[in-house]
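**Q** Using the hints, position chain B against chain A.
Top to bottom, those sequences are chains A and B.
Letter 37 of the first sequence, counting from 1, is numbered 37 in the UniProt record's numbering, and no numbers are missing.
Letter 207 of the second sequence, counting from 1, is numbered 207 in the UniProt record's numbering, and no numbers are missing.
Simulated from the structure, these hints should not be mistaken for laboratory data.
It is possible that part of the hints are untrue.
[Stated by the list, open to error] Covered stretches of chain B, as calculated for chain A (at least 3 residues, CB under 8 Å):
#	region
1	199-212
2	290-304
3	358-371
[To be verified] Between beta-carbon pairs, the in silico distance windows are:
#	chain 1	residue 1	chain 2	residue 2	range
4	A	Asn-333	B	Ser-82	55 to 63 Å
5	A	Ala-371	B	Glu-358	44 to 52 Å
6	B	Asn-280	A	Asp-135	46 to 54 Å
7	A	Gly-128	B	Gly-91	45 to 53 Å
8	A	Glu-363	B	Leu-217	46 to 54 Å
[As the list claims (entries may be wrong)] Some chain B residues close to chain A (C-beta under 7 Å, calculated; not the full set):
#	residue
9	Ser-51
10	Tyr-165
11	Ile-170
12	Ala-173
13	Pro-176
14	Leu-177
15	Cys-179
16	Gly-180
17	Leu-181
18	Phe-183
19	Pro-244
C-beta atoms are modelled at their ideal positions from N, C-alpha and C, and glycine is treated no differently.
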Amino acid sequence: MSAILLQGAGAGAATALSPFNSIDPSKLVVPSRSSLSVRSKRYVVAGSDSKSFGSSLIVRRSEPLIPNAVSAKADTAASSTSSKPGHELLLFEALQEGLEEEMDRDPHVCVMGEDVGHYGGSYKVTKGLADKFGDLRVLDTPICENAFTGMGIGAAMTGLRPVIEGMNMGFLLLAFNQISNNCGMLHYTSGGQFTIPVVIRGPGGVGRQLGAEHSQRLESYFQSIPGIQMVACSTPYNAKGLMKAAIRSENPVILFEHVLLYNLKETIPDEEYICNLEEAEMVRPGEHITILTYSRMRYHVMQAAKTLVNKGYDPEVIDIRSLKPFDLYTIGNSVKKTHRVLIVEECMRTGGIGASLTAAINENFHDYLDAPVMCLSSQDVPTPYAGTLEEWTVVQPAQIVTAVEQLCQ
Amino acid sequence: MALSRLSSRSNTFLKPAITALPSSIRRHVSTDSSPITIETAVPFTSHLCESPSRSVETSSEEILAFFRDMARMRRMEIAADSLYKAKLIRGFCHLYDGQEALAVGMEAAITRKDAIITSYRDHCTFIGRGGKLVDAFSELMGRKTGCSHGKGGSMHFYKKDASFYGGHGIVGAQIPLGCGLAFAQKYNKDEAVTFALYGDGAANQGQLFEALNISALWDLPAILVCENNHYGMGTATWRSAKSPAYFKRGDYVPGLKVDGMDALAVKQACKFAKEHALKNGPIILEMDTYRYHGHSMSDPGSTYRTRDEISGVRQVRDPIERVRKLLLSHDIATEKELKDMEKEIRKEVDDAVAQAKESPVPDASELFTNMYVKDCGVESFGADRKELKVTLP
Numbered sequence: 001m002s003a004i005l006l007q008g009a010g011a012g013a014a015t016a017l018s019p020f021n022s023i024d025p026s027k028l029v030v031p032s033r034s035s036l037s038v039r040s041k042r043y044v045v046a047g048s049d050s051k052s053f054g055s056s057l058i059v060r061r062s063e064p065l066i067p068n069a070v071s072a073k074a075d076t077a078a079s080s081t082s083s084k085p086g087h088e089l090l091l092f093e094a095l096q097e098g099l100e101e102e103m104d105r106d107p108h109v110c111v112m113g114e115d116v117g118h119y120g121g122s123y124k125v126t127k128g129l130a131d132k133f134g135d136l137r138v139l140d141t142p143i144c145e146n147a148f149t150g151m152g153i154g155a156a157m158t159g160l161r162p163v164i165e166g167m168n169m170g171f172l173l174l175a176f177n178q179i180s181n182n183c184g185m186l187h188y189t190s191g192g193q194f195t196i197p198v199v200i201r202g203p204g205g206v207g208r209q210l211g212a213e214h215s216q217r218l219e220s221y222f223q224s225i226p227g228i229q230m231v232a233c234s235t236p237y238n239a240k241g242l243m244k245a246a247i248r249s250e251n252p253v254i255l256f257e258h259v260l261l262y263n264l265k266e267t268i269p270d271e272e273y274i275c276n277l278e279e280a281e282m283v284r285p286g287e288h289i290t291i292l293t294y295s296r297m298r299y300h301v302m303q304a305a306k307t308l309v310n311k312g313y314d315p316e317v318i319d320i321r322s323l324k325p326f327d328l329y330t331i332g333n334s335v336k337k338t339h340r341v342l343i344v345e346e347c348m349r350t351g352g353i354g355a356s357l358t359a360a361i362n363e364n365f366h367d368y369l370d371a372p373v374m375c376l377s378s379q380d381v382p383t384p385y386a387g388t389l390e391e392w393t394v395v396q397p398a399q400i401v402t403a404v405e406q407l408c409q
Numbered sequence: 001m002a003l004s005r006l007s008s009r010s011n012t013f014l015k016p017a018i019t020a021l022p023s024s025i026r027r028h029v030s031t032d033s034s035p036i037t038i039e040t041a042v043p044f045t046s047h048l049c050e051s052p053s054r055s056v057e058t059s060s061e062e063i064l065a066f067f068r069d070m071a072r073m074r075r076m077e078i079a080a081d082s083l084y085k086a087k088l089i090r091g092f093c094h095l096y097d098g099q100e101a102l103a104v105g106m107e108a109a110i111t112r113k114d115a116i117i118t119s120y121r122d123h124c125t126f127i128g129r130g131g132k133l134v135d136a137f138s139e140l141m142g143r144k145t146g147c148s149h150g151k152g153g154s155m156h157f158y159k160k161d162a163s164f165y166g167g168h169g170i171v172g173a174q175i176p177l178g179c180g181l182a183f184a185q186k187y188n189k190d191e192a193v194t195f196a197l198y199g200d201g202a203a204n205q206g207q208l209f210e211a212l213n214i215s216a217l218w219d220l221p222a223i224l225v226c227e228n229n230h231y232g233m234g235t236a237t238w239r240s241a242k243s244p245a246y247f248k249r250g251d252y253v254p255g256l257k258v259d260g261m262d263a264l265a266v267k268q269a270c271k272f273a274k275e276h277a278l279k280n281g282p283i284i285l286e287m288d289t290y291r292y293h294g295h296s297m298s299d300p301g302s303t304y305r306t307r308d309e310i311s312g313v314r315q316v317r318d319p320i321e322r323v324r325k326l327l328l329s330h331d332i333a334t335e336k337e338l339k340d341m342e343k344e345i346r347k348e349v350d351d352a353v354a355q356a357k358e359s360p361v362p363d364a365s366e367l368f369t370n371m372y373v374k375d376c377g378v379e380s381f382g383a384d385r386k387e388l389k390v391t392l393p
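Bound-form chain A, shown alone (with noise of 0.2 Å):
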């Protein structure tokens, strides 16, 4: 069995899709519900068995989080300051609204993907949607991810804006050729001719003992890919602003969750808002050190900033979300503030998104570096199934903590 890591509010709902756990929810109510501020999020870690692992690895029994851990972008509209209370929701449901809210605004954007319409989506982020809007909008395909991911790609080309569900971002590497040869490069090839607004989004990660060919981490593949946008979204109102955005660009997107955030929960604004597809989200401001993450090992950062905080460091957090291009401009200013950058990423250490950012940051701002640029990836092996080895792989807020405290010395 493995530690089982839930994030939500008191909400212990199980994953749509957890083979291996099947989960009761009411054994995992946390007594405090409804103590929820505007942005706080419960952080609720229950383990089993944790005695026998390694003890410097695994987290620890349920304690929330300390609200302000997690600052308040004071620039983003509405999004703390909002006069309408907002509501609360989970991240799949976050989804799931920005996409029906997209569909309701331009009738040309429509899902396509595996048990996206009458199932209702594997991880539920299209529930309800075939209902609303039909079966010609909302596609469930049969397996064949080259074909319909091309399909998607070439109506796109005549206008349409189709979003394209990988049910796991890992059988996105059979449709590869289309993603890199005929959406990252038509706009080009043709010489503008065509644009290709596509959204090709889909969960992936090291989620809960799923196996290695269900846990990659697409993003380091398809970095280099020119002509297309990545995204990863890691908070139910990033998720919603991001997938919003994605669908209003004119350039191909490729959204990036992760399964096991898809139970967060979080009080998004009423009103209507979208995420900048370029911009990264300042998590914690701080002076020491900048920690750049993205998706869930922002949780982990986060976890170990709490640590960090009691030891008298203040690292600052940044949350890159656009994993192409960089933001530079934040990471640069935040770096010519700390002068020490550690770069925590789910992707494995040989070509992932953390080795490119080490590069770009070296690159162009070698001169305020205080000491080398330090990036925590996961190992490069295939995810184990046993739930040791698999902790193993991925960066643990212990290892972030020993990190920051080399890097500050």
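**A** For chain B alone, coordinates are given in the frame of chain A:
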């Protein structure tokens, strides 16, 4: 249709398509658009559907247009051959001569709202869709005035306003794209169809069958056209396909085998296919055709087939000769008129080549344009740039 460059000599009597004929020997019958019915030489073979009739309705005007367009395409490809050997065209250059009947026959049966998508052997399809010769040659030589501004090359011709979607280097990948176009046509209720062309080599790609499954499942107006020129680069069909009856490989999807060297048969088949696709969903057309050149300019074309075979096909089945015989036998034009037409076309092509040769190459700044729409405000830099500049939109 590309107009003759000698339109200054046109008479008001003649329709624009026939401007090249000198007025002194103009005949009234060559402007005739009254229907002629011609039987195709080879019958259609069908799979899961009825064959269309062998009698094709056409007119002298149309047959003359076939001749002119095919002659233009043929000359263009031969000119491209010499340009390649003169190293003005680099990289890969796949020539279509021998297969022209397919491009013109298809155009005669459809409208500009119907979409065509093909793979890299796209020069003639581009011309058929209304592309200009000078755009084609400029693109082949990598000039700024090319149809893709010099950034695509031989394999990436596109013409959006004529619903020509290219121009793709990876064979087979255009078939799902084509089915996507058909999906969009169905979504928008366009009443148009998509012709997705591929070759006998690409017919073995899995994505073809994936796309066919979806098209049949969702009743998309997609017509998959297999241009069977019997060789996938150097591999003959009997060496690459267990079942070389490509029109039958759709299994549950109807198919039709057509003599692809007969422009009229192609026209009939495409007309039939369009009607079928709008009502009943996808259909496969197998066009039995032949290419005289090798697979590309780097392939001599004679290591896997004999020269006798090539010249045999040229004598017996050449599409332009077939139309020429039709024109002569039906008294639509004389031998001399046709020769004059060909001379004018040759001049037209030479002029286009000359014009293209003088076009400028793209500026260095063009390297980074059209990466993203509105180019995102992000700029790329070469290795020697130290300054960083990022402007967020």
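**Q** Now look at each hint and say whether the structure bears it out.
**A** Outcome of the hint check:
no., hint, verdict
1, 199-212, "holds (count 4)"
2, 290-304, "violated (count 0)"
3, 358-371, "holds (count 3)"
4, Asn-333(A) / Ser-82(B): 55 to 63 Å, "holds (58 Å)"
5, Ala-371(A) / Glu-358(B): 44 to 52 Å, "violated (57 Å)"
6, Asn-280(B) / Asp-135(A): 46 to 54 Å, "violated (19 Å)"
7, Gly-128(A) / Gly-91(B): 45 to 53 Å, "holds (50 Å)"
8, Glu-363(A) / Leu-217(B): 46 to 54 Å, "holds (49 Å)"
9, Ser-51, "violated (29 Å)"
10, Tyr-165, "holds (6 Å)"
11, Ile-170, "holds (5 Å)"
12, Ala-173, "holds (6 Å)"
13, Pro-176, "holds (3 Å)"
14, Leu-177, "holds (3 Å)"
15, Cys-179, "holds (5 Å)"
16, Gly-180, "holds (2 Å)"
17, Leu-181, "holds (5 Å)"
18, Phe-183, "holds (5 Å)"
19, Pro-244, "violated (23 Å)"
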